Amino acid sequence: MMAKDSMLPLYAKAVLKALPLGTRTSPDLPNRSLDRSMPIEADAYAGFTTVIGAGLGNTVHPGYLHVLAFPLSMQLLGDPEVPLPMMGMVHIHNRIDSLGAVHIGDSVDFHVELAGPYQHSAGTTIEVIVEAKVEGALRMRETTTYLAKGKKLPNAEAKPQPPREEFTAPTPSALWRLDPIIGQRYAHASGDYNPIHLNGLAAKGFGFPRLIAHGMYGASRALSAVDTRLESYRWDVSFAKPVLLPSTVGFAITEGQRHEAAKFAVFDLKSGKPHILSEVSALSE
Amino acid sequence: MSTPTQRAVILGGNRIPFARSNKQYSKASNLDMLTSALDGLVARFGLAGESIGEVAGGAVLKHSKDFNLTREAVLGSALSPTTPAFDVGQACATGLETVVSLNNKINAGQLESGIASGVDSASDAPIVVNDSMREILLELTRAKTLAQRAKIAAQIRPAYLAPQAPSTAEPRTGMSMGEHQAITTAQWQITREAQDELALASHHNLARAWDEGFFDDLSTPYLGVSRDTNMRADSSAESLAKLSPVFGKKLSSPATMTAGNSTPLTDGASSVLLGSEDWAREHGFTPLARLVDAEAAAVDFVDGAEGLLMAPAYAVPRLLARNGLTFEDFDVFEIHEAFASTVLSHLAAWESEKFCRDKVGLDGALGTIDRAKLNPLGSSLAAGHPFAATGGRIIASTAKYLKLTGKKRSLVSICAAGGQGLTAIVEAA
Chain A
1 MMAKDSMLPL YAKAVLKALP LGTRTSPDLP NRSLDRSMPI EADAYAGFTT VIGAGLGNTV
61 HPGYLHVLAF PLSMQLLGDP EVPLPMMGMV HIHNRIDSLG AVHIGDSVDF HVELAGPYQH
121 SAGTTIEVIV EAKVEGALRM RETTTYLAKG KKLPNAEAKP QPPREEFTAP TPSALWRLDP
181 IIGQRYAHAS GDYNPIHLNG LAAKGFGFPR LIAHGMYGAS RALSAVDTRL ESYRWDVSFA
241 KPVLLPSTVG FAITEGQRHE AAKFAVFDLK SGKPHILSEV SALSE
Chain B
1001 MSTPTQRAVI LGGNRIPFAR SNKQYSKASN LDMLTSALDG LVARFGLAGE SIGEVAGGAV
1061 LKHSKDFNLT REAVLGSALS PTTPAFDVGQ ACATGLETVV SLNNKINAGQ LESGIASGVD
1121 SASDAPIVVN DSMREILLEL TRAKTLAQRA KIAAQIRPAY LAPQAPSTAE PRTGMSMGEH
1181 QAITTAQWQI TREAQDELAL ASHHNLARAW DEGFFDDLST PYLGVSRDTN MRADSSAESL
1241 AKLSPVFGKK LSSPATMTAG NSTPLTDGAS SVLLGSEDWA REHGFTPLAR LVDAEAAAVD
1301 FVDGAEGLLM APAYAVPRLL ARNGLTFEDF DVFEIHEAFA STVLSHLAAW ESEKFCRDKV
1361 GLDGALGTID RAKLNPLGSS LAAGHPFAAT GGRIIASTAK YLKLTGKKRS LVSICAAGGQ
1421 GLTAIVEAA
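So the protein sequences, as listed, match chains A and B.
Okay, so the first sequence: first residue is 1 according to this note's numbering, each after it adds one.
Okay, so the second sequence: first residue is 1001 according to this note's numbering, each after it adds one.
Simulated from the structure, these hints should not be mistaken for laboratory data.
Among the hints, erroneous ones may be present.
Computed, partial: chain B to chain A, Cβ under 7 angstroms [to be verified]:
{"no.": "1", "residue": "Ser1132"}
{"no.": "2", "residue": "Ala1159"}
{"no.": "3", "residue": "Gly1174"}
{"no.": "4", "residue": "Met1175"}
{"no.": "5", "residue": "Gly1304"}
This one's a predicted model, so the numbers in the text were calculated from it and none came from an experiment.
For every residue, glycine included, the Cβ atom is placed at its ideal position computed from N, Cα and C.
Using the sequences provided together with the hints, build the complete structure.
Structure (structure tokens):
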């Protein structure tokens, strides 16, 4: 039920890097990538599905592929030659193209590399590109966008930002009652022990009033609720305001319908402001 | 004369009076209450020591130890221990489904007699540890060495020790039934006044039936309770109007659902005796009525495409069409009052040409129900609603009502969690 790699040493390294200990050598990203093969083990996968409230079937939730590749992403981002501090980077967008089912028992070959830095109105972004293959066939391609807020790099490439969508909160079709231990539970299942999800003081240290839920917890749970039956699809997630713990948030499909292409959202019940805006669309090959 | 496939008849029933949860029956388990309801029936019909074809029963809030609840109740009752039993689960339709399935088994010639039953306790409800604690405890049972156990036990955090209280929330939406119904209520623009009026009629009708002794041969006092404790004979429009809304407070339209026009959590049990005509004759029992047909429906409520409790609005038109009947052919309408607005939403849907045409596929509106024929003995708003016991309460009451009044036909409709509904036609025997 626990992910194999603990991320604690990586976070420790990241914290060290955040300290002002001399200047970095270059504003460019180091040209490195990581490859690793990982089997999909039923027990570990069940830990993930239980926490996000998904059914345990033979087909793997794409959010779990993100989880498996996450330590590799952090290893690349934590590289001392990356010109931006990993701690404090904000996961603002996630795109997964799911090109075919990955199953329990498959051995997945991950290839992970960084792209950027890119200009952003609020700072600079770096992207983590993950490719997952099973027996040579590409099954998933993921782009995870991290924002270093307020940090500008002279050499950052221009990149069009997706327009900010207007959002009016609909009547929720489901309520998610999130207790504070959801952070611990998702940390156990995913191996992401970022202290802002585990410790109120740490969260305060990074400017949040309370603990916050893992972004990919809410995103993965929302995808399960939509329960798409498309064979190959694009799953986009934009993270707006973080979900503070404990809290009760609303979920609703705003366009399209369950099992098919759809837009959906997780939002604050009082203010109506979005936490997560997401979309599943069909990919034609 | 009945056709060979219509040999089942309803002979009577027995329930314990229903009590609001955490009151008189707070220490009684589902098994205690179901056994009491069965024993009352056995005593009334002189069935002690008799082997009944089959007893069907169920509970919605069920402990895992009660996997064989109905069989255990039979073993604890005065029935012969050679009476087989089985458990049924269809949320609030459980009680009616036990009647339908035994009725069908008798019609199929598999059984000569049966007792349909249901029970629920919202007081003695199962409390479970939360998922984190449960995962750890299950891991502990799988661990082989002391070192493994110590490592797993070390994961326990104080927060994991908080138990998970039972809730009436839908698993897929996290919303309670009341929150779901509040959305439907707003969609159908059901007013507060209309809901309170229905609740008031329910209390007055039920109180009148108790006063007239209607339930004397349909109930057996239990733990000092001899009438349904939720019933307020002195309820008035003014007293109901004073209550504050409890559901739908976050919707844009005004909240209208109160504790007065919603059913409270209730404890209770009910049973219905069924038999073939031959079995009834041999035992000298007078048939009250027969269940001639039943229809279940389900709706996709998960994304809010349809209201959680609207399935009966779809089942009834199909049931009427199959039997070539219209509302005009019915003398009684027994529509379970989960909430006053649930009943009123169903009535509004059947009166809506748009709903009946676009959603049910009829040519026009199904029709209007004469309110004088609606729930003439009161229903769940007054009696309370121990989930799986409601079907048995309604079937036994309406069967006796048809016999007593010489009326011919009753329509029974029960909505259930999970977007389901079960409906039936009962005719005088």
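Exercise. Output the numbers, in ascending order, of every earlier hint that fails for this structure.
Key: none
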